Amino acid sequence: MKHTRRQKLILAVSAFILLAACVGGWLLYRRYAPQGQTGDKQITVQVIQLDGNRDSHTYRTDEAYLGAVLTANHLVAGEEGAYGLFITTVDGVAADQSRQQWWCLTKGGEQVNTSADQTPIADGDTFELTLTEGY
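Note that the UniProt record's numbering has the sequence shown beginning at 1, numbered continuously upward.
Just so you know, not all the hints are guaranteed correct.
Claimed, not checked - Think about it this way: if two alpha-carbon atoms lie no more than 20 Å apart in a straight line, the pair counts; the simulated SDA-like pairs of lysine to any residue are:
#  : residue 1 : residue 2
1  : K41       : S56
2  : K107      : Y83
3  : K107      : L50
4  : K41       : G124
5  : K107      : L131
6  : K107      : E133
7  : K107      : Q42
8  : K107      : A68
9  : K107      : T132
10 : K107      : T88
11 : K41       : L18
12 : K41       : A64
13 : K41       : L75
14 : K41       : D62
15 : K41       : T126
16 : K107      : D117
17 : K107      : D96
18 : K41       : N73
19 : K41       : A72
20 : K41       : H74
21 : K107      : S56
22 : K107      : Q118
23 : K107      : G84
24 : K8        : G24
25 : K41       : D117
26 : K41       : T130
27 : K107      : P120
28 : K107      : T38
29 : K41       : A68
Said to hold, decoys possible - Label-pair ranges, simulated between beta-carbon atoms:
#  : residue 1 : residue 2 : range
30 : A77       : W26       : 24 to 34 Å
31 : T106      : H74       : 14 to 24 Å
32 : Q49       : A12       : 48 to 58 Å
33 : A77       : R54       : 19 to 29 Å
34 : W26       : S56       : 31 to 41 Å
Just so you know, these hints were derived from the structure itself, not from any lab. Quick caveat, the model's predicted, so the values are computed rather than measured. The beta-carbon is built from N, C-alpha and C at its ideal position, and this holds for glycine as well.
Input sequences plus hints: build the corresponding full structure.
Encoded structure:
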């Protein structure tokens, strides 16, 4: 009997520590997550097709995050997932999953680590949406 009581206590303390760690991680993320710039700004989005064709789109906006600009201007379509907007179509061109195609989001040529709707924007930013083949 003493043994099971001790096991329950250890389990309860472990669960509390795990919960505290999760809440602490969430609070740290909220505190230090990239924030979008407020106010009017201009951004450029380049759409790059498989054949290298490029189309440039310039937007003036007061939105703080890229996804809101892209969807409001009907440049992209996609699916909401656990990590935000998963872009499946850009400028009317859908990625063909049977050919392992996907849209890669980059900023200044470097891949971003957030979904479009969690990517903060600032005045003068340039983003690229590149149709990529192969996972």
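Cross-check of the supplied hints:
{"no.": "1", "hint": "K41 to S56", "verdict": "holds (17 Å)"}
{"no.": "2", "hint": "K107 to Y83", "verdict": "holds (18 Å)"}
{"no.": "3", "hint": "K107 to L50", "verdict": "holds (18 Å)"}
{"no.": "4", "hint": "K41 to G124", "verdict": "holds (7 Å)"}
{"no.": "5", "hint": "K107 to L131", "verdict": "holds (15 Å)"}
{"no.": "6", "hint": "K107 to E133", "verdict": "holds (19 Å)"}
{"no.": "7", "hint": "K107 to Q42", "verdict": "holds (14 Å)"}
{"no.": "8", "hint": "K107 to A68", "verdict": "holds (16 Å)"}
{"no.": "9", "hint": "K107 to T132", "verdict": "holds (15 Å)"}
{"no.": "10", "hint": "K107 to T88", "verdict": "holds (18 Å)"}
{"no.": "11", "hint": "K41 to L18", "verdict": "violated (42 Å)"}
{"no.": "12", "hint": "K41 to A64", "verdict": "holds (9 Å)"}
{"no.": "13", "hint": "K41 to L75", "verdict": "holds (18 Å)"}
{"no.": "14", "hint": "K41 to D62", "verdict": "holds (6 Å)"}
{"no.": "15", "hint": "K41 to T126", "verdict": "holds (12 Å)"}
{"no.": "16", "hint": "K107 to D117", "verdict": "holds (14 Å)"}
{"no.": "17", "hint": "K107 to D96", "verdict": "violated (23 Å)"}
{"no.": "18", "hint": "K41 to N73", "verdict": "holds (15 Å)"}
{"no.": "19", "hint": "K41 to A72", "verdict": "holds (15 Å)"}
{"no.": "20", "hint": "K41 to H74", "verdict": "holds (19 Å)"}
{"no.": "21", "hint": "K107 to S56", "verdict": "holds (14 Å)"}
{"no.": "22", "hint": "K107 to Q118", "verdict": "holds (13 Å)"}
{"no.": "23", "hint": "K107 to G84", "verdict": "holds (18 Å)"}
{"no.": "24", "hint": "K8 to G24", "verdict": "violated (24 Å)"}
{"no.": "25", "hint": "K41 to D117", "verdict": "holds (17 Å)"}
{"no.": "26", "hint": "K41 to T130", "verdict": "violated (23 Å)"}
{"no.": "27", "hint": "K107 to P120", "verdict": "holds (11 Å)"}
{"no.": "28", "hint": "K107 to T38", "verdict": "holds (19 Å)"}
{"no.": "29", "hint": "K41 to A68", "verdict": "holds (14 Å)"}
{"no.": "30", "hint": "A77 to W26: 24 to 34 Å", "verdict": "holds (30 Å)"}
{"no.": "31", "hint": "T106 to H74: 14 to 24 Å", "verdict": "holds (21 Å)"}
{"no.": "32", "hint": "Q49 to A12: 48 to 58 Å", "verdict": "holds (57 Å)"}
{"no.": "33", "hint": "A77 to R54: 19 to 29 Å", "verdict": "holds (20 Å)"}
{"no.": "34", "hint": "W26 to S56: 31 to 41 Å", "verdict": "holds (38 Å)"}
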